[in-house]
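Asks: Okay, here's what each chain looks like letter by letter:
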Amino acid sequence: MSDNNKVKIDKSNSWEEGRTKNITFVVTEDCQLECKYCYLVGKNKSGKMEFDVARKAIDYLLSEKEFITESSVVLDFIGGEPLIEIDLIDKICDYFKLKAYEENHPWFNSYRFSFSTNGLMYSDKRVQDFISKNKSHVSIQITIDGTKIKHNLQRVYPNGKGSYDNVVKNIPLWQKQFPETSTKVTISSDDIPYIKDSVLHIWGLGIKEVNINVVFENAWKPGDDELFEEQLVSLADEIIKKKLYENYSCSFFNKTIGYPYNQNMNWCGAGKMLAVDFTGNFYPCIRFVNFSLQNREGLLLGNYLDGIDQNKLRPFLTLDMISQSESECIDCEVATGCAWCQGANYDFADTETIFQRATYICNMHKARVRANNYFWNKLGRKLNKDMRNE
Amino acid sequence: MLKYLMIILGESSVPFCYYENKTGVKKTGELISYENLKKAVVFALKNNLKVNFLYPDIKLEKKYDKLIDEVEHIKIIPLKLHKTYKDSILVIESDELSSDSNLKNLKDENIILRLRYKQLHKLHSYLNKLIPKCRRINLVLLDIERYGEKDFEEYKHQLEKTSKKIFKLTEKKNLPEMNFLTDRLTLEQMNNCDAGLTHLTVAPNGKLYLCPAFYYNNENDTLGEISNNINIKNKQLLELKYSPICRICDAYQCKRCVFLNKKITSELNTPSSQQCKLSHIEREVSRLFIQKLKEKGLSIAGFKNIPEIDYNDPYENAKKNKFTISEFKNL
Chain X
1 MSDNNKVKID KSNSWEEGRT KNITFVVTED CQLECKYCYL VGKNKSGKME
51 FDVARKAIDY LLSEKEFITE SSVVLDFIGG EPLIEIDLID KICDYFKLKA
101 YEENHPWFNS YRFSFSTNGL MYSDKRVQDF ISKNKSHVSI QITIDGTKIK
151 HNLQRVYPNG KGSYDNVVKN IPLWQKQFPE TSTKVTISSD DIPYIKDSVL
201 HIWGLGIKEV NINVVFENAW KPGDDELFEE QLVSLADEII KKKLYENYSC
251 SFFNKTIGYP YNQNMNWCGA GKMLAVDFTG NFYPCIRFVN FSLQNREGLL
301 LGNYLDGIDQ NKLRPFLTLD MISQSESECI DCEVATGCAW CQGANYDFAD
351 TETIFQRATY ICNMHKARVR ANNYFWNKLG RKLNKDMRNE
Chain F
1 MLKYLMIILG ESSVPFCYYE NKTGVKKTGE LISYENLKKA VVFALKNNLK
51 VNFLYPDIKL EKKYDKLIDE VEHIKIIPLK LHKTYKDSIL VIESDELSSD
101 SNLKNLKDEN IILRLRYKQL HKLHSYLNKL IPKCRRINLV LLDIERYGEK
151 DFEEYKHQLE KTSKKIFKLT EKKNLPEMNF LTDRLTLEQM NNCDAGLTHL
201 TVAPNGKLYL CPAFYYNNEN DTLGEISNNI NIKNKQLLEL KYSPICRICD
251 AYQCKRCVFL NKKITSELNT PSSQQCKLSH IEREVSRLFI QKLKEKGLSI
301 AGFKNIPEID YNDPYENAKK NKFTISEFKN L
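As given, the protein sequences belong to chains X and F, one line each in that order. Quick note on our numbering: the first sequence kicks off at 1 and runs consecutively. Quick note on our numbering: the second sequence kicks off at 1 and runs consecutively.
To be clear, the hints were calculated from the coordinates, so they are not data collected in a lab. A hint or two may mislead.
[As the list claims (entries may be wrong)] Below 25 Å or equal to it, Euclidean Cα-Cα: the simulated SDA-like pairs (lysine to any residue) are:
(1) Lys319/F / Leu317/X
(2) Lys241/F / Ala349/X
(3) Lys65/X / Arg146/F
(4) Lys320/F / Met265/X
(5) Lys263/F / Phe67/X
(6) Lys233/F / Ala219/X
(7) Lys319/F / Ala339/X
(8) Lys235/F / Lys255/X
(9) Lys241/F / Glu333/X
(10) Lys319/F / Met265/X
(11) Lys65/X / Lys320/F
(12) Lys255/F / Leu317/X
(13) Lys21/X / Glu316/F
(14) Lys272/X / Phe328/F
(15) Lys319/F / Ile308/X
(16) Lys329/F / Ser327/X
(17) Lys48/X / Gln32/X
(18) Lys272/X / Tyr242/F
(19) Lys320/F / Gly269/X
(20) Lys255/F / Met273/X
(21) Lys263/F / Met273/X
(22) Lys319/F / Cys329/X
(23) Lys263/F / Gly307/X
(24) Lys319/F / Asp331/X
(25) Lys241/F / Glu64/X
(26) Lys150/F / Thr351/X
(27) Lys320/F / Gly307/X
(28) Lys235/F / Asp190/X
(29) Lys255/X / Thr324/F
(30) Lys366/X / Ser326/F
(31) Lys241/F / Ala219/X
(32) Lys118/F / Gln310/X
(33) Lys221/X / Gln294/X
(34) Lys156/F / Ala339/X
(35) Lys241/F / Glu326/X
(36) Lys241/F / Thr351/X
(37) Lys65/X / Gly148/F
(38) Lys241/X / Thr256/X
Looking at chain F on its own, in the form it has when it is part of the complex (with noise of 0.2 Å):
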């Protein structure tokens, strides 16, 4: 059931996920019309729908600005927008933080970090600045069809890391919300981001899009205009259950993103190795972070133990073990 809407108020809004936008494209004319904003305003209030709204790095004219505020919503903006733009989810590039200026002014944020793929490295050093400043971050890992076995060693070897330091933190009931850390000690079933199914997108062009990555791949890719009648073909395949590798996986905090599943195995439905060998390196680091916390009779509230597991993709099990229909049903 469609919870929210996404719309894109420019071609230059701030890319949040894993895909580009059209970068350097400022002029207004790129922004989404204004009779298109309105319909798509109008029709997330006739459906009880959310909206998230994707912000360029420029300020909007009033007239946009009021529009805006007839729904709720929630800002994702550019770092650039800070201070315009209170309360939004800011979204920080790797590059940004190379300078220590950028941050001066973050306090209790929430953040989307976008780690570019030769950064892989300075992950830690960069989680250091950014949590003291933040209440919840959501890192996202750029060009993830370049990573191999190296670098998932780096990956695991950079979270270690910041697992050891956040745990002082833990003792102080002062640790933020991290989507690759925490976010499995919470959750109990899959929290992927189920784009088609929980939420649609408004792109500049007035028309709708899975998710804002399949609009700035290719605008061809819609689901055609707002309307009350809206036809996602082989929509199943967004389901958890008609994803077969999906489907017995607990590394719960995994996006699930659709949008790589397609670019990289051809499949909405199908996560690429890189995709699950990620995940189940975030599992592994949340894992022992909560053995460790019990080690020290340390506990946190809706924290819960993860079971330890034998594989790091559950590829090979979905290709041994088939589910059985009765499986399948009960899902």
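The following block holds chain X by itself, in its conformation from the complex (with noise of 0.2 Å):
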């Protein structure tokens, strides 16, 4: 194998991508933990989803043939916290795979339950007893914030004490039971200084790809950008220092970003995803649904008893980067790489519309580029090829 087959820091899992309808049930607004920058506003204790209601929604989407063609599907199980609710999730899942089978789905043969979880509940029996009962089937990612200091300045529970040590302890049995792990990490302004010993901690903890965002809201000060550049930058010299490129991922670090456009597709997979949430209204992705939003209403596409209104779905379906865009972002050199949340968009629009792209991560994104230019110039130099050019 080539030094540069090695390189797996810009690599990621992910299961039959481009044939899957993801299909996020919101079976609980509430939430054990109240992390400050979660994006998830309105969290509360009374939205939580009866059986009937998801059994009236998997029906509906059953049967719906004609505009879901998909031949694979993941229900993704979303709260608030989805374990609190394991119980109703259970009767969820069986209810899908009997009725799948009963009606000779091809999502019988194809399908699966995945979570995002705070990995609170990790080791309760209810939730060992599900992984158990649906192992094949089961894909769960515990967020893991980094170090512990990073961790529990954000995801703390409501009398402000952080969870990071309820959580890690559970992080090895979540490991032995789903070996190829990977968590999701989010950066706001006051977690820039620990991005590095960060990454570097989760993937001591054996989590060998981390998937990090910086959050899309207007929550950046002047100089972020420059310590973020900073922390990247510190990141790459330790990779590269101890070949931590050859066994770990993570999506800071991607030869593709950063540079100019030469596609006008959209980022955003809202639409061509689907939401439910605990009345059976169906929304294009979670950050569509009234406990997500800060500014507007919930977008609503339909419900279990009407189906979805396809005229709803033109829209998203039609989106693309150049019409939501400003001339700077769609002129900008570089460009590639650069996120955009379209649920944040809507929020932050200065009308109704999906068509206004929020670009406050801007100057966020341009640091990344200039770190991420360094990284994959100095690996190039080291194994003697040009990576920022393949």
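Take the two lone chains and join them into the complex the hints point to.
Replies: Encoded structure:
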């Protein structure tokens, strides 16, 4: 194997990419934590899905063969914290399997149950029983946000106490059961000084894939981009020095970012995926559900009784980069890899539209591009290969 | 660039497009105030704008008439005022066509026909009555969100019947303009409504709106007071190039109503499936009409061929084939 083939830093695993319908069940709007950066601004204790709602939603989704044509499905359970409702989820999953079998639906042979969890209940017997029962069809992502300091800076209980210790104790069991684990890290302004140590810490816990992103909100202060760049450069040096690129991945470093656009593609999959809230209403993704939005009402696509209003999907499925971007973004010389979230765009736009791209992360993206260039150029010199222009 | 101003003279002004007015309000107190009308007229004069006045079905005071005459304008009036204001655009509700007596004094008119959903199957018979009396007919299909596949078939059927019928008029060179049949034959680019781009609306409250439909739908959806600094947020979304579906479309006669877009798809720049399918039926009937004219060796100055296409809604194409950045910049 050549040195270049050993570089795994920009690799990630995804299941049945491009052929899968992602359907998010918001089983509860409650969570044990009150993470400071959480986009779910309206979490509450009353929004809980009844089984009958989930059952009817599944009945509709399995019957809708004209517009839902993907051959595989991921039922994604999100909250709030989904594992609070593990009994309900177990019932929903059993019903899905039974119904898909009865209807000879292609999804019966190609489904996943996916979870994004804070990990606090991971070792709970009911959760473990669910995993045993559905093992080959389950993927679980526990969010561990980095070092104890970084994690506890954001991911706190209502009384302000950090949740790190209660999460990290469940990591070994999680890794044993799901060896190809990855975690998601979110960076806001206060987290910047801890980025390097946090990525290294997570890898040190045995989690080889770190998907990391900065928040899309207007939350950045002058100078944050410089500190951010310093952290990433320092992380890059460490990765290269210790050859960590051979075994670990971190989404901050990717060979494809930092170029002018040569394609006019949307970044976000909202509308291709679907979210079902606790009342049985359908949305383009969880970021369009009422409790995710700061400034607007939820953007509804329909419900299990009336189905999906195809007219409401038309903007999402025809949305492209140029129709929502200002010329500064279209002509940006380091545009690729600059992310956006359709739900955040909708929430922050001057008018009620998904066609106005929020650009609060502009300087952060540019800083990331500089650090990313630094990483690949330096690694290229080490491996004697021009990795920026492959 | 703004070219004209719509001024709604009263709450009960005739609805002339895809919206309903506040019916039954006929008190003079519900008219635009003289001061607001004056402001709007002066704004039009200062900005080289022509004005379309939307009339309620009452006779206005003389001072209003005098002020209206100060600016170059068109009157859009309900059928009832036909005798009062000559040379105006007449708005006819399809309900008014049940009695022929309503039409007896019409001659060489420019009309807008607002067709109710429930009367779709009578469209051909209505057009039969109107065509001999008109030089132009603008058809407005109401309640298009209710249209389904059977209704599309019915619409095509009605237009095809009308198309056959008017063939004889073509031979006599006596064909009126019809937005649903002849407009596409003369156009080489989109001829959309362009609310917010080429025209704005002044409502009876003196405030500006994208068009009358936005006012009647929600008075709070205003662009603000008449001023020299009108700020339309996300104005680019009104432009053709910012509509992924419309910018690849050649149903040039389509009005591309941004109000209906917003109402049905939640986005100003995204047309509904109904809007696209109805416009493509018109395009297809126009295509067959010009084809038949050619087969018969007939021609009409200004009419152009229309290419055959294999879709009835550009949505699928817009989903699959994204514009390139250079295509976008060259639009």
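Asks: For each hint, tell me whether it holds in the structure or not.
Replies: Here's how the hints hold up against the structure:
1. Lys319/F / Leu317/X: 6 Å, holds
2. Lys241/F / Ala349/X: Holds: Lys241/F and Ala349/X sit about 19 Å apart, inside 25 Å.
3. Lys65/X / Arg146/F: Holds: Lys65/X and Arg146/F sit about 23 Å apart, inside 25 Å.
4. Lys320/F / Met265/X: 11 Å, holds
5. Lys263/F / Phe67/X: It holds: about 22 Å lies between the C-alpha atoms, which stays within 25 Å.
6. Lys233/F / Ala219/X: With Cα atoms ~23 Å apart, Lys233/F and Ala219/X stay inside 25 Å; holds.
7. Lys319/F / Ala339/X: 21 Å, holds
8. Lys235/F / Lys255/X: The hint is violated at about 36 Å.
9. Lys241/F / Glu333/X: 23 Å, holds
10. Lys319/F / Met265/X: Holds, at roughly 11 Å.
11. Lys65/X / Lys320/F: Holds, because 20 Å separates the two Cα atoms, which is no more than 25 Å.
12. Lys255/F / Leu317/X: OK: Lys255/F and Leu317/X at ~22 Å, within 25 Å.
13. Lys21/X / Glu316/F: 19 Å, holds
14. Lys272/X / Phe328/F: 24 Å, holds
15. Lys319/F / Ile308/X: 18 Å, holds
16. Lys329/F / Ser327/X: 10 Å, holds
17. Lys48/X / Gln32/X: 14 Å, holds
18. Lys272/X / Tyr242/F: 21 Å, holds
19. Lys320/F / Gly269/X: Measuring from Cα to Cα gives roughly 15 Å; hence the hint holds.
20. Lys255/F / Met273/X: Outside the cut-off at roughly 32 Å; violated.
21. Lys263/F / Met273/X: 23 Å, holds
22. Lys319/F / Cys329/X: It holds: about 22 Å lies between the C-alpha atoms, which stays within 25 Å.
23. Lys263/F / Gly307/X: 18 Å, holds
24. Lys319/F / Asp331/X: The given pair, whose Cα atoms are some 23 Å apart, holds under the 25 Å limit.
25. Lys241/F / Glu64/X: Not satisfied, since the Cα-Cα distance of roughly 33 Å exceeds 25 Å.
26. Lys150/F / Thr351/X: At roughly 36 Å apart (the allowed maximum being 25 Å), Thr351/X and Lys150/F break the hint.
27. Lys320/F / Gly307/X: Holds, because 24 Å separates the two Cα atoms, which is no more than 25 Å.
28. Lys235/F / Asp190/X: 36 Å, violated
29. Lys255/X / Thr324/F: 23 Å, holds
30. Lys366/X / Ser326/F: 24 Å, holds
31. Lys241/F / Ala219/X: Violated. Lys241/F to Ala219/X sits at ~32 Å, over the 25 Å cutoff.
32. Lys118/F / Gln310/X: Roughly 23 Å separates the two Cα atoms, so the pair holds.
33. Lys221/X / Gln294/X: 20 Å, holds
34. Lys156/F / Ala339/X: Cα-Cα ~45 Å, so violated.
35. Lys241/F / Glu326/X: 13 Å, holds
36. Lys241/F / Thr351/X: Measuring from Cα to Cα gives roughly 19 Å; hence the hint holds.
37. Lys65/X / Gly148/F: Holds - the C-alpha atoms of Gly148/F and Lys65/X are around 19 Å apart, at most 25 Å.
38. Lys241/X / Thr256/X: 22 Å, holds
The structure fails hints 8, 20, 25, 26, 28, 31, 34 (numbered hints given earlier, in ascending order).
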